[in-house]
Each structure stands twice: as C-alpha cells, then as structure tokens.
Amino acid sequence: MFKSLTNELESFRALDIPALDCIVYHRGECVYRHFSGCSDYENSVPLTGNERYNIYSSTKHITATAMMQLYEKGEFKLDDPLYLYLPEFEHMSVQTDNGIIPAKKQITIRHLLTMTSGYSYDTRSPLIDQCRRETGGRCQTRELMPYLAQMPLLFEPGDRFNYGLSHDIIGAVIEVISGMTLGEYVKKNIFYPLGMAHSTYSLPDQELDSVVAHYRWDEAENRLIAVPKTAPHRHGYAYESGGAGCVTTVEDYIKFLEAIRIGDVILKKETVDLMATNQLNDRQLESCYATTPFLAKYGYGYGLGIRCPREGTGLTDFGWEGAAGAFPAVDPAHEMTLFYVQHVLQAKTVYKKLDLLPITQKIIEKL
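Residue numbers (my numbering): -18 to 348.
Read the hints as simulated data drawn from the structure, not as lab findings. Only a predicted model underlies this, so the values are computations on that prediction, with no experimental measurement involved. Mixed in with the good hints, there may be bad ones.
As a list, the in silico DSSO-like pairs of lysine-lysine whose alpha-carbon atoms are at most 27 Å apart [what the hints assert, rightly or not]:
| # | residue 1 | residue 2 |
| --- | --- | --- |
| 1 | K343 | K(-16) |
| 2 | K54 | K329 |
| 3 | K278 | K329 |
| 4 | K(-16) | K333 |
| 5 | K250 | K168 |
| 6 | K329 | K(-16) |
| 7 | K169 | K58 |
| 8 | K85 | K58 |
| 9 | K329 | K347 |
| 10 | K343 | K250 |
| 11 | K58 | K168 |
| 12 | K278 | K249 |
| 13 | K343 | K333 |
| 14 | K58 | K250 |
| 15 | K54 | K250 |
| 16 | K210 | K168 |
| 17 | K249 | K58 |
| 18 | K278 | K343 |
| 19 | K333 | K347 |
| 20 | K249 | K168 |
FRET-style restraints, in silico, Cβ to Cβ [what the hints assert, rightly or not]:
| # | residue 1 | residue 2 | range |
| --- | --- | --- | --- |
| 21 | S25 | D103 | 36 to 42 Å |
| 22 | L348 | I81 | 55 to 61 Å |
| 23 | D60 | R264 | 30 to 36 Å |
| 24 | T258 | K278 | 35 to 41 Å |
| 25 | D110 | E316 | 29 to 35 Å |
| 26 | K58 | P127 | 19 to 25 Å |
We put the CB at the ideal spot given by N, CA and C, even for glycine.
Can you make the complete structure from the sequences, with help from the hints?
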C-alpha cells in the first residue's frame, strides 16, 4: 500500500541524504514507518529509529503552541504591544533608504507570531556577540532581548512579512509570563504531558552521541560537509531558541503533531483552528511569497507560527519546515499526521520533501 511512499523516500538517498526517517499516523494509529541510512555516515553506523535530530524551524510550531496555551489562560491578547512584557522593545527603530529612523508603530504579539514584526534573521549580529561576551558565554534567552531590541527593524511592524527572529522573542515572552525558562515551560506543559521524553530545547553536551550526524551540502565542492551536532542558534550555553532550538526524535515529535490534530489535548481545538487560519493580508502575503518560495509554489498562507491552507487552494495541512529537512504535516481532513526528518542543510531535497504529503494523502484516501 505504501510502496510509492517508500520509493519516493529511497530516491532521496541518491540525492546525498545519508539518513532519513518518516512516520505516518492515521486516525490515531501508526500506519507507516520507514527509516534508512546511517546515523554516522563516515563509520557506517545504521539508523535504529531512536536517534535525535535538530529540527531547526520546526521548533516554531512547538513554541507557538506554548504561547497559545498562555493565550487560552488569558495571560495576553494577540494585539498587546510587546513592550508590556519586554519593556526594552518600546522604542524601536527602522532601517529606511534614508537611514535609521524611530518606528511609528509598536510590535505586537500578533506581529511576532505572524512574522510581520520587521525582524530579520541576523544571527551573526555583533549585538549577539556582545551579549555572549558580557554574560560570560551564558546568553540566557531573556538576557539576549535588550540586545535584539537594539537591532533596527527592516520595516514598520505589520507592514510586511519577513522570516526572522520573532519566535526567539516569543520564547522570552513565555519566560516573563510563566516565570520559567522556555525549556522548563515547554517540558512541563508539552513534552511531559505528551510523553516526549527525548525532546529538549537544551541538550547537554554529554548526550550529543544520541544525535544523528549533521551535514551541509556544499554545491561548490559537490560533497557533504560535517557540521556540529549542537543545537542551531544556541547563542550561549544557557540560550534556548524558540525559533530553532528543539532537539527531538521522530516518535516524540509525532506525539506533538497528533495532539494538535486531535485538539483539546494540549490546546483547545478552537485555538488550533485559529493558529491554522491565514493571518496575512494581501500586502503581507505578497511579501511572504516573494521571500518564501515554497509557500508561493503551493499557495499556502501563514497563520500563527505555521504554514496553513488558504481558501480555494484545496490544501488541507498545516505545519512548518526545518532548515535541515524536517517536514511536519497535520492534516485534519485526512485524519492524519506525517513527520519526515533528515539532517542535511542546503540539501537537494529542499522541495522534493514537500511532495511526500500528496503521495501519502492519496494512500490514506484508499485505506
């Protein structure tokens, strides 16, 4: 029944993907699991299916879910200005063609969740280096915020869409509201209730052996280059990135996706529906498509932290991808969830992995 899906997955191996794993749930049961390749390519160590992966931006779905749990409790409103929780963001500046000027609008929580805050993804900013130096390498999540607040925005908040550091800032808001670190909050309210025992925003160095070997495809050299296994965008030893910091396993992450699909588990169904509803106006969507080609290719909208269907497109899934190849899909219409993961940055499969969803949907329709 799933032969076409397996064939598609195995075709990725020929595209220099040394390890991959894919799982599909339908109506609450695992109906498919396929993994192949090596957890350590150089030493030919085969996958067991229990390995951890850096899921990069697929972290954003978890962080947004954590934030919306606080929304359900009435801890904030979506259109609250950010400075109510992080005062250093009250007086922002904007980079224009005529230089840097004071911002006329306030960043709101909604702007952060919809990537319309004006932030870039400048993780190499000297301001981040400054925070790291001035905190002795600690750079705890909340500690970084006064430094990020000094970054000029690319545009007035709400004017356009731009993929950036918004979810890292959301992580700090969660810390302020909850009184816990981001990792502590997520562990208590998402990972522990769902039995995600192998997931974390802060993996100890002594557990790096549990992570699959990590690579970057180098087009110029036509080969895979090994990169560190440590979580991406971990700016200091105490930093937990709300946008890209989660390390997890396939079996853990599918538990999260299933809880979201079912609803009324870690989030009310109506809150899930709100997250999975396009929040972008025409101007914002135009800039979203200009800067995020895969959304444009398929016609997705962007909700609260995730891609989502737009009316008239026939799309039925939502989720968010990770830079090294993680691809989650929650599809309520087909009563299914899918999670695919690899560990290669700049891979040749950047668009091909999106084709896994229609293949799986056709199979599910026949079950």
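Okay, the hints, checked on the actual structure:
Only pairs whose Cα atoms come within 27 Å are accepted, and K343 paired with K(-16) is accepted, the gap being roughly 12 Å. The straight-line distance between the Cα atoms of K54 and K329 is roughly 43 Å, outside the 27 Å bound, and the hint therefore fails. Taking the CA atoms of K278 and K329, the gap is about 17 Å. The hint holds against a cut of 27 Å. About 17 Å separates the Cα atoms of K(-16) and K333, which keeps this hinted pair within 27 Å; it holds.
Taken as a hint, the K250 and K168 pair is honoured in the structure, with Cα atoms around 21 Å apart against an allowance of 27 Å. Proposed proximity of K329 and K(-16) is supported: the alpha carbons are some 22 Å apart, at most 27 Å. A threshold of 27 Å between alpha carbons decides the hint, and for K169 with K58 the separation of about 23 Å falls inside it, so the pair holds. Our distance criterion of 27 Å between C-alpha atoms is met by K85 and K58, whose separation comes to about 21 Å.
Distance check on the hinted pair: K329 and K347 sit about 30 Å apart at the alpha-carbon level, beyond 27 Å; violated. Restraint check: the Cα-Cα separation between K343 and K250 comes to about 25 Å, which is no more than 27 Å; the hinted pair holds. Of the pairs offered as hints, the one joining K58 and K168 holds, with about 24 Å between alpha carbons and a cut-off of 27 Å not exceeded. Pair hint K278 plus K249 does not hold up; C-alpha atoms about 31 Å apart against a cutoff of 27 Å.
Pair hint K343 plus K333 holds up; C-alpha atoms about 17 Å apart against a cutoff of 27 Å. In summary, the hint linking K58 to K250 is supported, as the alpha carbons are separated by about 18 Å, within the 27 Å threshold. For the proposed pair K54 and K250, the alpha carbon gap of about 14 Å is at most 27 Å, so the pair holds. For the hint pairing K210 with K168, the CA-to-CA distance comes to about 21 Å; that is within 27 Å, so the pair holds.
Note on K249 and K58: the hinted pairing holds, with a Cα-Cα distance of about 16 Å set against a maximum of 27 Å. A C-alpha spacing of about 20 Å is found between K278 and K343, which places the hinted pair at or below 27 Å, so the restraint holds. Between K333 and K347 the alpha-carbon distance is near 23 Å, which keeps this suggested pair within the 27 Å criterion. For the hint pairing K249 with K168, the CA-to-CA distance comes to about 19 Å; that is within 27 Å, so the pair holds.
The hint said 36 to 42 Å for the Cβ distance between S25 and D103, and at roughly 39 Å that hint holds. At roughly 57 Å, the beta-carbon separation of L348 and I81 lies within the given 55 to 61 Å, and the hint holds. At roughly 18 Å, the beta carbons of D60 and R264 sit outside the given window of 30 to 36 Å. In this structure, T258 and K278 break the distance hint of 35 to 41 Å, their C-beta atoms being roughly 21 Å apart.
Checked against the given bound of 29 to 35 Å, the beta carbons of D110 and E316, roughly 48 Å apart, lie outside it. As the Cβ distance of K58 to P127 is approximately 24 Å, the hint placing it in 19 to 25 Å holds.
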